[in-house]
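full-length UniProt numbering applies: residue 1 is where the sequence shown begins, and numbers increase by one.
Keep in mind the hints are simulated off the structure, nothing from the lab. Misleading hints may appear alongside valid ones.
[As the list claims (entries may be wrong)] Heads up, simulated DSBU-like pairs for lysine-lysine below, C-alpha to C-alpha not over 35 Å straight-line:
{"no.": "1", "residue 1": "Lys159", "residue 2": "Lys347"}
{"no.": "2", "residue 1": "Lys419", "residue 2": "Lys472"}
{"no.": "3", "residue 1": "Lys575", "residue 2": "Lys470"}
{"no.": "4", "residue 1": "Lys327", "residue 2": "Lys187"}
{"no.": "5", "residue 1": "Lys183", "residue 2": "Lys159"}
Everything numeric in this text was worked out from a predicted model, so none of it was measured.
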Amino acid sequence: MNNRKVRSFNGLSFLALIVLVFAIFWFTNQVDERAKQINRTEFEQILEDEDYAKIIIALSKDVPTGEVIVQLKDETEKYLSVSDVKDIEKILRDKKIEYDVKAVPKDSILLTTVFPVALIAGGMLLLFLMLNRQGGGGNAKAMNFGKSKAKLSTDKDKKVTFANVAGLDEEKEDLAEVVEFLKHPQKFIDVGARIPKGMLLVGPPGTGKTLLAKAVAGEAGVPFFTISGSDFVEMFVGVGASRVRDLFEQAKENSPCIIFIDEIDAVARRRGTGMGGGHDEREQTLNQLLVEMDGFGVNEGIIVMAATNRVDILDPAILRPGRFDRKVFVGRPDIKGREEILAIHAKGKPLAEDVDLRRTAATTPGFTGADLENLMNEAAIFAAKEDRKYIMQEDINRAFIKVGIGAEKKSRVITEKEKKITAYHEAGHAILFHVLPDMGPVHTVSIIPTGMAGGYTMQVPEQEDVYNTKGKMLQDITSALGGRVAEEMIFNDITTGASGDIKQATSVAKAMVTKYGMSDAVGLIDYDNDSDEVFIGKDLMHSSRGYGEKVATTIDEEVKRIIDECHNEARRLIKEHEEVLHACAQLLLEKEKIGAQEFAQLFD
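Generate the whole structure from the sequences, applying the supplied hints.
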């Protein structure tokens with residue numbers, strides 16, 4: 001296709017060049033002809049001065065007009081156009097000047113005037129079209145900015161089905177009904193059931209919302225329109241609404257079909273909450289979308305699917321039944337789902353016998369489908385770098401460190417003092433992970449710098465809990481403070497290395513007090529009003545917090561009390577295992593990285 005376009009472009013360029021050369025030649029010839037033309041007075045003056053060598057009268061057949069050709073003595077020619085050659089003949093006879101008469105065919109006005117002008121005009125038009133095509137059709141695009149930018153996918157050879165989606169069994173069950181609607185709509189119509197108009201997929205980034213929408217279209221075998229929410233909005237007012245109308249017109253022509261709007265929050269944000277007025281382009285686009293989904297228009301056989309990870313900022317009108325009838329929450333997969341996702345992304349990648357996808361799934365809590373795909377891709381890159389045709393478990397482990405923590409920087413030069421501080425810091429974390437009952441066992445302890453950190457301690461949770469308990473959250477804070485406590489005990493000094501740990505501990509303690517009601521002094525009241533409000537103009541004239549100074553003081557005191565208690569508990573536990581602390585730090589200084597078995601042997 002591209003070669004054909006190149007050949008067409010080269011042909012147009014060659015043709016335009018020919019027309020351009022012809023135009024230059026024709027215009028030059030016309031200029032020369034005009035320069036040789038003389039009038040009646042100039043002709044008579046030439047006769048008077050006897051500056052001529054020969055005079056020829058050119059006559060056209062049956063036409064009184066003609067042309068007098070005057071050959072001058074300097075071998076140049078001049079031309080005089082006359083309406084009646086008899087008058088010129090009389091003048092020449094009276095002056096007794098000899099002349100010749102030559103019959104010439106009559107020139108066609110079509111060939112002499114119309115054809116050259118038409119050819120030049122066509123060449124100019126051809127040149128304009130060529131430049132317009134070379135410039136990407138900017139003018140054409142400007143005239144079509146009101147058209148929808150949705151892409152229609154009907155490729156059945158590369159279609160995605162539910163078999164390509166893993167770890168989302170419940171979500172697939174919800175969407176399987178939509179497939180039934182699209183395949184067999186009549187059996188639902190017979191019992192008075194209405195096909196859902198909209199399906200809203202809600203979840204964190206990378207959990208597979210777009211993949212689910214493609215799978216629905218692939219299972220149903222219907223056309224699939226895809227467009228991003230930002231493709232509707234332009235700087236011109238009214239363009240977004242026009243594109244919405246055009247999108248639904250295309251969908252009606254291809255019904256039954258699916259329209260998938262990715263990142264719908266870009267166009268469907270809550271109205272009347274900004275500071276810039278209520279008549280901006282986004283709100284007009286949203287209004288048109290509301291009308292098309294459930295207004296006076298009838299959209300038979302069109303299902304609108306949308307994805308967002310910010311459902312809290314969507315306009316309530318778009319969320320009501322009749323528009324988005326169903327909300328499917330696509331969350332992060334559990335350990336079983338992660339193992340299934342890893343198995344899908346491992347297809348086409350040769351695995352060594354030591355690869356344990358179950359173990360990898362256990363070490364990747366919180367990973368989304370996109371994260372797991374990236375993990376396997378990085379593992380394959382590591383294997384290719386070592387010129388191996390298969391992936392080993394070590395490649396996956398290295399990829400996990402790179403993706404989850406950061407690439408190891410073994411070339412970074414650090415002093416022996418800094419290395420020792422890092423060793424005791426990570427050993428403090430590792431000891432608390434091991435002795436606290438609700439924390440997962442230690443998987444790896446390393447003092448090799450990664451990213452912005454000087455080292456890391458990786459744990460593997462034995463199970464994934466749906467709920468978090470107060471005891472577990474207190475242990476999270478205690479283990480986070482293990483590195484700072486080890487620094488205090490060994491060096492009688494502190495460093496900036498625990499800044500991230502302190503931030504994590506403060507966040508957990510504050511959530512316990514203000515969000516989860518885990519403080520007796522504050523009570524069962526939600527004071528966490530920072531995460532829900534995302535609009536600057538909604539409560540502009542109101543206070544940013546819904547409680548007074550006394551409550552704020554109580555919250556601060558409770559947060560400090562929790563962290564102080566956890567700090568003391570961390571100090572007590574590490575003091576009990578001070579021998580392990582020294583042994584672990586020494587082993588880290590020797591090997592830089594130790595595994596679960598080596599660390600567990602320190603306690604024996």
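Right, here's what the structure says about each hint:
The suggested pairing of Lys159 with Lys347 holds, with an alpha-carbon distance near 17 Å, which does not exceed 35 Å. For the proposed pair Lys419 and Lys472, the alpha carbon gap of about 31 Å is at most 35 Å, so the pair holds. At roughly 24 Å between alpha-carbon atoms, Lys575 and Lys470 fall within 35 Å of each other, so this suggested pair holds. For the suggested pair Lys327 and Lys187, the alpha carbons sit about 24 Å apart, so the restraint of at most 35 Å is met.
Annotation: proposed proximity of Lys183 to Lys159 holds, straight-line Cα distance about 16 Å (limit 35 Å).
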